[in-house]
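Heads up: the protein sequence lines correspond to chains P and G, in order. My numbering puts the first residue of the first sequence at 1, with every later residue one more than the last. My numbering puts the first residue of the second sequence at 113, with every later residue one more than the last.
To be clear, the hints were calculated from the coordinates, so they are not data collected in a lab. Ideal Cβ positions, reconstructed from N, Cα and C, are used throughout, including at glycine. Any given hint could turn out to be false.
To be verified - Far from chain G, some chain P residues (derived; all Cβ distances over 10 Å):
(1) Ala13
(2) Ala22
(3) Gln34
(4) Val42
(5) Met47
(6) Lys64
(7) Thr82
(8) Trp96
(9) Ala98
(10) Gln101
(11) Ala102
(12) Gly108
As the list claims (entries may be wrong) - Pulled a few chain P residues facing chain G out of the computed Cβ check, cut under 8 Å:
(13) Gly28
(14) Asp46
(15) Tyr51
(16) Pro52
(17) His55
(18) Arg74
(19) Arg75
(20) Arg76
(21) Arg77
Claimed, not checked - Reference listing, derived: stretches of chain G covered by chain P, where coverage requires no fewer than 3 residues with Cβ under 8 Å from a Cβ of chain P:
(22) 133-144
(23) 169-175
(24) 178-187
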Amino acid sequence: MASVNAQIKRGSAELAVLTLLAEHPLHGYEIAKQIEAQTGGVLCFDMASLYPMLHRLERKSWVKAEWQALPNGRRRRCYRLTASGRKQIAPLRAQWRAFFQALQRVTGFQNA
Amino acid sequence: MPDWKQIVHKHLRVLGACSPEFTEELAAHLEDSHEALLREGLPAELAFQQTIGQIEGRYRVWLVVRFLLEELMTGFIRKVAVPGLLTSAAVGFFYCALALDHIPRRVIWLAGGQLPLSWWCLLPICGALGALLSQRKGGSRPQRIAASLLPSAILGIFVVLIFAVGFTMSRSVNHYWWGSALLESLGIVPPAFVLMPAAFSLLGAGIAELAPRNPIA
Numbered sequence: 001m002a003s004v005n006a007q008i009k010r011g012s013a014e015l016a017v018l019t020l021l022a023e024h025p026l027h028g029y030e031i032a033k034q035i036e037a038q039t040g041g042v043l044c045f046d047m048a049s050l051y052p053m054l055h056r057l058e059r060k061s062w063v064k065a066e067w068q069a070l071p072n073g074r075r076r077r078c079y080r081l082t083a084s085g086r087k088q089i090a091p092l093r094a095q096w097r098a099f100f101q102a103l104q105r106v107t108g109f110q111n112a
Numbered sequence: 113m114p115d116w117k118q119i120v121h122k123h124l125r126v127l128g129a130c131s132p133e134f135t136e137e138l139a140a141h142l143e144d145s146h147e148a149l150l151r152e153g154l155p156a157e158l159a160f161q162q163t164i165g166q167i168e169g170r171y172r173v174w175l176v177v178r179f180l181l182e183e184l185m186t187g188f189i190r191k192v193a194v195p196g197l198l199t200s201a202a203v204g205f206f207y208c209a210l211a212l213d214h215i216p217r218r219v220i221w222l223a224g225g226q227l228p229l230s231w232w233c234l235l236p237i238c239g240a241l242g243a244l245l246s247q248r249k250g251g252s253r254p255q256r257i258a259a260s261l262l263p264s265a266i267l268g269i270f271v272v273l274i275f276a277v278g279f280t281m282s283r284s285v286n287h288y289w290w291g292s293a294l295l296e297s298l299g300i301v302p303p304a305f306v307l308m309p310a311a312f313s314l315l316g317a318g319i320a321e322l323a324p325r326n327p328i329a
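Given these sequences and hints, build the entire structure.
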């Protein structure tokens, strides 16, 4: 599969993470794996891109993180979407829709 | 099973010093990643190599750079720029005060240049001031250090500009003295006005780290 430009990846990453967290809280590894699986490997996060972004979202108060103890005694930092974060999803989706529609008009490609 | 907390701490000391919570989160990620690879049937050694590869080489550099950038840029004006500029004003004030004739100035001589030893000795106070001002605004450790080092960074930019202009002018002023004086200064000015001040400011920031801290909401 063709690799996606890094800048588009960066821009889409926040929307992908917020959308995923809208379903249920997840920790960092689960977020990375689920996005990778759902996008067929097109969007892959390494630790250097995932965690700084999650912390940025946390500072914007779009997500809230808290440590949770697992049954095996380990701790995982789970990210949960906040009300403020939930409000961001619709505008971000609208921006991306507008972007793809504009691209479609220029290139003539069709959405799957 | 490898102790991923220990491994992350060893590989990413800088991050560990800045945010122990972040390193614990990274260790948890690696632990999950390692276990997933083992479940997929990879030999233990290969699974370990692939997992640790996520925090080695360019990934390690990127991780540190991205983390520090995020840390520095969050509330940059309030937590770094303003404390740093106030510190720069204090640095400038001390330098001007010491330059006045009626205040005795102790100097040392190095490579024919006059280095302001007294000024350097006051810089830990400025470094501590920058760190404490940043701390009051809730600055993280990288931000506190950056606020302390901002005066040296500003001086560094000035020094680079002055030398750039100087060398450009030396082409039009065709005199051997001009060029040789610039080259001689190159060995004195950057250490005296950038590197040593940075070191002394860092010392002050280190001292400020020992000060008791109020919890910040």
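Quick rundown of the hints versus the structure:
1. Non-interface status of P/Ala13 relative to chain G is upheld: no Cβ of that chain comes within 10 Å, the nearest being about 13 Å off.
2. Interface exclusion of P/Ala22 from chain G stands, the closest Cβ pair being 21 Å apart, more than 10 Å.
3. Under the 10 Å C-beta cut-off, the non-interface status given to P/Gln34 relative to chain G holds; the minimum distance is some 12 Å.
4. With a closest Cβ-Cβ approach of about 19 Å to chain G, P/Val42 is found to remain outside the 10 Å limit, as its non-interface label requires.
5. In this structure P/Met47 is not separated from chain G by more than 10 Å, as the shortest Cβ-Cβ distance comes to only about 6 Å.
6. Listed as outside the interface, P/Lys64 is consistent with that label: its C-beta sits roughly 14 Å from the nearest C-beta of chain G, beyond the 10 Å cut-off.
7. For P/Thr82, the requirement that its beta carbon stay farther than 10 Å from each beta carbon of chain G is met, with the minimum near 17 Å.
8. Every Cβ of chain G is farther than 10 Å from the Cβ of P/Trp96; the closest lies at roughly 23 Å, confirming the non-interface assignment.
9. P/Ala98, annotated as away from the interface, keeps every beta carbon of chain G farther than 10 Å; the closest lies near 28 Å.
10. Non-interface call for P/Gln101 relative to chain G: holds, since the shortest CB-CB distance, roughly 32 Å, exceeds 10 Å.
11. Against chain G, the non-interface label of P/Ala102 holds: every CB pair exceeds 10 Å, the least being about 30 Å.
12. The beta carbon of P/Gly108 sits about 37 Å from the closest Cβ of chain G, which is more than 10 Å, so the claim that it is off the interface holds.
13. Look at P/Gly28: its Cβ gets to within about 5 Å of chain G, closer than 8 Å, so that hint holds up.
14. At a threshold of 8 Å, the smallest CB-CB gap from P/Asp46 to chain G is about 6 Å, leaving the interface hint in force.
15. The restraint placing P/Tyr51 at the interface with chain G holds, with a minimum CB-CB distance near 7 Å, inside the 8 Å limit.
16. Among the interface hints, the one on P/Pro52 holds; its C-beta lies about 4 Å from the nearest C-beta in chain G, closer than the 8 Å criterion.
17. For P/His55, the interface hint holds, since its Cβ comes within 8 Å of a Cβ in chain G; the closest pair sits about 6 Å apart.
18. At about 7 Å, the closest approach between the beta carbon of P/Arg74 and any beta carbon in chain G falls short of 8 Å, and the interface hint on this residue holds.
19. Nearest Cβ of chain G to the Cβ of P/Arg75: about 7 Å, under the 8 Å cut. The hint holds.
20. Taking 8 Å as the C-beta cut-off, the interface hint given for P/Arg76 holds, the closest approach to chain G being about 5 Å.
21. With 8 Å as the threshold, the beta carbon of P/Arg77 comes within range of chain G, its nearest partner Cβ sitting at about 5 Å, so the hint holds.
22. Counting residues of the segment 133-144 of chain G whose C-beta sits closer than 8 Å to any C-beta of chain P gives 9, which meets the bar of three, so the coverage hint holds.
23. Coverage of a stretch by a chain is defined here by at least three residues with a beta carbon nearer than 8 Å to that chain's beta carbons; for the segment 169-175 of chain G and chain P the count is 3, and the condition holds.
24. Counting residues of the segment 178-187 of chain G whose beta-carbon sits less than 8 Å from any beta-carbon of chain P gives 5, enough to reach three: the coverage restraint holds.
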